[in-house]
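Colleague: With these hints in hand, go ahead and build the complete structure from the sequences.
Chains as they are written, first to last, in this note's numbering: chain Y, 3 to 340; chain G, 382 to 540; chain L, 13 to 133.
Worth double-checking, as some hints may not be accurate.
What the hints assert, rightly or not - 25 Å max Cα-Cα, derived DSS-like pairs, lysine-lysine:
| id | chain 1 | residue 1 | chain 2 | residue 2 |
| --- | --- | --- | --- | --- |
| 1 | Y | 272 | G | 469 |
| 2 | Y | 158 | G | 403 |
| 3 | L | 132 | G | 469 |
| 4 | L | 132 | Y | 54 |
| 5 | G | 511 | L | 42 |
| 6 | Y | 322 | Y | 190 |
| 7 | Y | 50 | G | 511 |
| 8 | Y | 158 | L | 132 |
| 9 | L | 42 | G | 403 |
| 10 | G | 395 | Y | 215 |
| 11 | G | 511 | Y | 54 |
| 12 | Y | 50 | G | 469 |
| 13 | G | 395 | Y | 190 |
| 14 | L | 132 | Y | 50 |
| 15 | Y | 190 | Y | 7 |
| 16 | G | 511 | Y | 158 |
| 17 | G | 395 | L | 42 |
| 18 | L | 132 | Y | 272 |
| 19 | Y | 215 | G | 403 |
| 20 | Y | 215 | G | 402 |
| 21 | G | 403 | Y | 322 |
| 22 | Y | 158 | L | 42 |
| 23 | L | 42 | G | 402 |
If you're looking for bench data, these hints aren't it; they were derived computationally from the structure.
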Amino acid sequence: MKLGKQTWLFQEPPVIISRAAVVGPDEGEGPLGKDFDIIHDDPFVGEKSWEKAERKLLEEAALLAVQKADMSIDQVDLFIGGDLLNQIISATFASRTFGIPYLGVFGACSTSMESLALAALTVSTKFADYALAGTSSHNSTAERQFRYPTEYGSQKPPTAQNTATGAGAALVARKGQGPRITCATIGKIVDMGITDPFNMGAAMAPAAADTIKTHLADRGVSPGFYDLIVTGDLGAVGSTMVRELFAHSGVPIEETTYDDCGLLLYDREKQQVFAGGSGCACSAAVTYGHLLKRMEQGELKRILVVATGSLQSPLTIQQKESIPGIAHAVALEYGGGQ
Amino acid sequence: MSSAAKKRFSLTPKEYQSLAKKREPARPILQNCIRAFLSGGVICLIGQAISTLFQTYAGMTQEQAGLPTIVILILLSVILTSLGVYDKIAQWAGAGSAVPVTGFANSMASAAIEHRSEGIVLGIATRMFKLAGAVVVFGTVSAFVVAVVHWIIGTGGQS
Amino acid sequence: MLDTIMPFVWAFLVGGAICVLGQLMFDVLKLTPAHTMVTLVVIGAILDGIGWYDPLIKFAGAGVTVPITSFGNSLTHGALTELRMSGFNGLFSGVYHYTSAGITAAIVFSFFAALLVRPKG
Numbered sequence: 003m004k005l006g007k008q009t010w011l012f013q014e015p016p017v018i019i020s021r022a023a024v025v026g027p028d029e030g031e032g033p034l035g036k037d038f039d040i041i042h043d044d045p046f047v048g049e050k051s052w053e054k055a056e057r058k059l060l061e062e063a064a065l066l067a068v069q070k071a072d073m074s075i076d077q078v079d080l081f082i083g084g085d086l087l088n089q090i091i092s093a094t095f096a097s098r099t100f101g102i103p104y105l106g107v108f109g110a111c112s113t114s115m116e117s118l119a120l121a122a123l124t125v126s127t128k129f130a131d132y133a134l135a136g137t138s139s140h141n142s143t144a145e146r147q148f149r150y151p152t153e154y155g156s157q158k159p160p161t162a163q164n165t166a167t168g169a170g171a172a173l174v175a176r177k178g179q180g181p182r183i184t185c186a187t188i189g190k191i192v193d194m195g196i197t198d199p200f201n202m203g204a205a206m207a208p209a210a211a212d213t214i215k216t217h218l219a220d221r222g223v224s225p226g227f228y229d230l231i232v233t234g235d236l237g238a239v240g241s242t243m244v245r246e247l248f249a250h251s252g253v254p255i256e257e258t259t260y261d262d263c264g265l266l267l268y269d270r271e272k273q274q275v276f277a278g279g280s281g282c283a284c285s286a287a288v289t290y291g292h293l294l295k296r297m298e299q300g301e302l303k304r305i306l307v308v309a310t311g312s313l314q315s316p317l318t319i320q321q322k323e324s325i326p327g328i329a330h331a332v333a334l335e336y337g338g339g340q
Numbered sequence: 382m383s384s385a386a387k388k389r390f391s392l393t394p395k396e397y398q399s400l401a402k403k404r405e406p407a408r409p410i411l412q413n414c415i416r417a418f419l420s421g422g423v424i425c426l427i428g429q430a431i432s433t434l435f436q437t438y439a440g441m442t443q444e445q446a447g448l449p450t451i452v453i454l455i456l457l458s459v460i461l462t463s464l465g466v467y468d469k470i471a472q473w474a475g476a477g478s479a480v481p482v483t484g485f486a487n488s489m490a491s492a493a494i495e496h497r498s499e500g501i502v503l504g505i506a507t508r509m510f511k512l513a514g515a516v517v518v519f520g521t522v523s524a525f526v527v528a529v530v531h532w533i534i535g536t537g538g539q540s
Numbered sequence: 013m014l015d016t017i018m019p020f021v022w023a024f025l026v027g028g029a030i031c032v033l034g035q036l037m038f039d040v041l042k043l044t045p046a047h048t049m050v051t052l053v054v055i056g057a058i059l060d061g062i063g064w065y066d067p068l069i070k071f072a073g074a075g076v077t078v079p080i081t082s083f084g085n086s087l088t089h090g091a092l093t094e095l096r097m098s099g100f101n102g103l104f105s106g107v108y109h110y111t112s113a114g115i116t117a118a119i120v121f122s123f124f125a126a127l128l129v130r131p132k133g
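Modeller: So this is what it looks like as structure tokens:
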């Protein structure tokens with residue numbers, strides 16, 4: 003049912019009965035390495051192009067998630083997926099392999115929670131018994147499409163972020179053991195006029211702050227209700243900005259722990275990732291690999307995952323448009339039985 | 382933008398943008414300039430060495446030696462790009478690796494190598510000038526304009 | 013001894029300085045690499061138009077022939093040389109005269125490199 007302005011409340015929370023996170027070498031070398039199901043040494047993943055590699059990662063994550071639930075892919079009613087590439091080819095071509103009903107979504111780096119929210123929606127309304135949400139990104143496909151050829155010698159500024167190579171998928175059902183999706187807040191596009199595509203953090207922060215504020219108001223809770231509020235990929239710059247926005251609008255974020263997947267994924271001291279990680283896989287891999295594990299270990303009971311996306315394209319930048327941002331939030335709970 | 386959207390979080394977009402500018406980690410300009418100076422200087426030094434070698438051992442004049450020098454530098458750049466090393470150097474060197482002709486060669490080689498997956502004709506050949514095209518176009522146009530000015534005011538070229 | 017060393021010193025210093033100019037365009041003016049290189053090429057073309065590039069070459073050698081400004085200089089140089097020799101037609105036929113080697117090398121080497129190697133990411 004609808005809660006407040008933008009939130010979906012699942013009165014019988016759907017369950018993430020299994021999930022998988024698959025990553026590339028840099029992510030595997032980061033602080034969360036041991037939380038991922040598969041770490042690939044080869045950024046090509048044995049394929050002939052970067053795009054084919056990304057697709058393979060998504061297929062792997064999705065099929066592994068299904069396998070871990072002792073199911074086969076044809077028992078899944080719906081795959082909801084997306085990625086960063088034009089025409090979301092990773093999700094589309096992975097779905098070709100799956101052979102099940104497919105809904106493609108584009109939310110840039112907010113795709114993980116966008117697809118998870120939709121999966122929860124279809125399952126809780128009984129339009130699907132099992133829904134699979136998945137997303138992927140790849141450092142080289144993103145560089146190629148949004149910026150420069152991978153071997154081109156350009157110097158990135160400190161506000162730039164490193165697109166994560168990897169994929170994450172979650173299988174959602176009405177009943178079972180696992181973290182429960184209690185509600186989801188669907189974000190609206192917020193554009194505060196940031197024009198620098200090398201500073202996506204600042205472009206996305208207003209959307210994150212807007213969605214979080216709205217979620218708290220819709221649900222009638224304060225930040226302390228959650229053990230952790232985590233954004234998808236604001237990075238060092240964006241997370242600073244979102245804290246500023248919280249301060250300006252009186253959101254007492256200090257009641258809880260606030261963190262960002264882009265900062266969790268890498269060791270910024272040792273790895274050259276500038277302001278931190280980004281990409282659809284950033285929030286997906288960190289959430290499905292690391293955060294859900296912490297929930298199952300009892301460390302976190304209630305978390306709010308706010309995946310953030312910056313919705314520019316190279317064309318809009320060249321046409322001198324600013325960068326619109328969006329953020330979708332999903333509230334997860336674990337503990338205390340079904 | 383609706384008036385309800387204008388002052389989000391009690392900040393106007395302009396106020397947010399200046400706040401973002403203030404909070405932005407500053408680019409290490411001095412460090413970047415020193416690195417650009419050193420790396421650019423070294424590349425030119427290598428060019429000077431190659432040119433001197435050709436003048437000394439192949440009996441060329443300074444002007445004649447310019448040609449093989451440029452070709453060799455371009456070759457070196459393409460090799461480093463192929464080895465996947467040029468972009469790593471460039472993050473350190475900045476303009477020091479982009480401004481010399483090696484940067485021009487890198488822009489072409491990297492585009493060609495990257496787009497191989499789209500085929501030889503539509504990938505390598507079509508995309509090769511993706512980054513360098515602007516330089517060729519503007520160079521050609523400005524050379525033409527300068528020459529036209531000379532033609533019009535009658536200074537008629539130079540030796 | 014000093015005669016042999018000085019050309020290298022000037023090449024290093026002047027070449028380095030032109031790169032610093034480029035770096036300032038990146039970091040202070042926040043120009044993209046494409047905008048920066050285009051600006052430098054046009055500067056090179058104009059400098060040759062007013063006759064300042066040749067003396068710079070005599071003085072700094074590779075310090076000014078290696079940076080991309082030299083490309084603009086060569087393009088203009090070609091056009092002006094042909095203008096002097098063949099008149100109006102030279103404006104069109106001469107532009108690539110001195111840059112032909114560089115462009116050919118860049119195209120040919122890049123082409124074969126792309127056939128031989130894959131990007132490393």
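Colleague: It remains to establish, for every hint, whether it holds in the given structure.
Modeller: Here's how the hints hold up against the structure:
no. : hint           : in the structure
1   : Y:272 to G:469 : holds (15 Å)
2   : Y:158 to G:403 : holds (19 Å)
3   : L:132 to G:469 : holds (11 Å)
4   : L:132 to Y:54  : holds (15 Å)
5   : G:511 to L:42  : holds (21 Å)
6   : Y:322 to Y:190 : holds (22 Å)
7   : Y:50 to G:511  : holds (22 Å)
8   : Y:158 to L:132 : holds (18 Å)
9   : L:42 to G:403  : holds (16 Å)
10  : G:395 to Y:215 : holds (21 Å)
11  : G:511 to Y:54  : holds (23 Å)
12  : Y:50 to G:469  : holds (23 Å)
13  : G:395 to Y:190 : holds (20 Å)
14  : L:132 to Y:50  : holds (12 Å)
15  : Y:190 to Y:7   : holds (11 Å)
16  : G:511 to Y:158 : holds (19 Å)
17  : G:395 to L:42  : holds (19 Å)
18  : L:132 to Y:272 : holds (20 Å)
19  : Y:215 to G:403 : holds (24 Å)
20  : Y:215 to G:402 : holds (23 Å)
21  : G:403 to Y:322 : holds (22 Å)
22  : Y:158 to L:42  : holds (12 Å)
23  : L:42 to G:402  : holds (13 Å)
Of the numbered hints stated above, none is contradicted by the structure.
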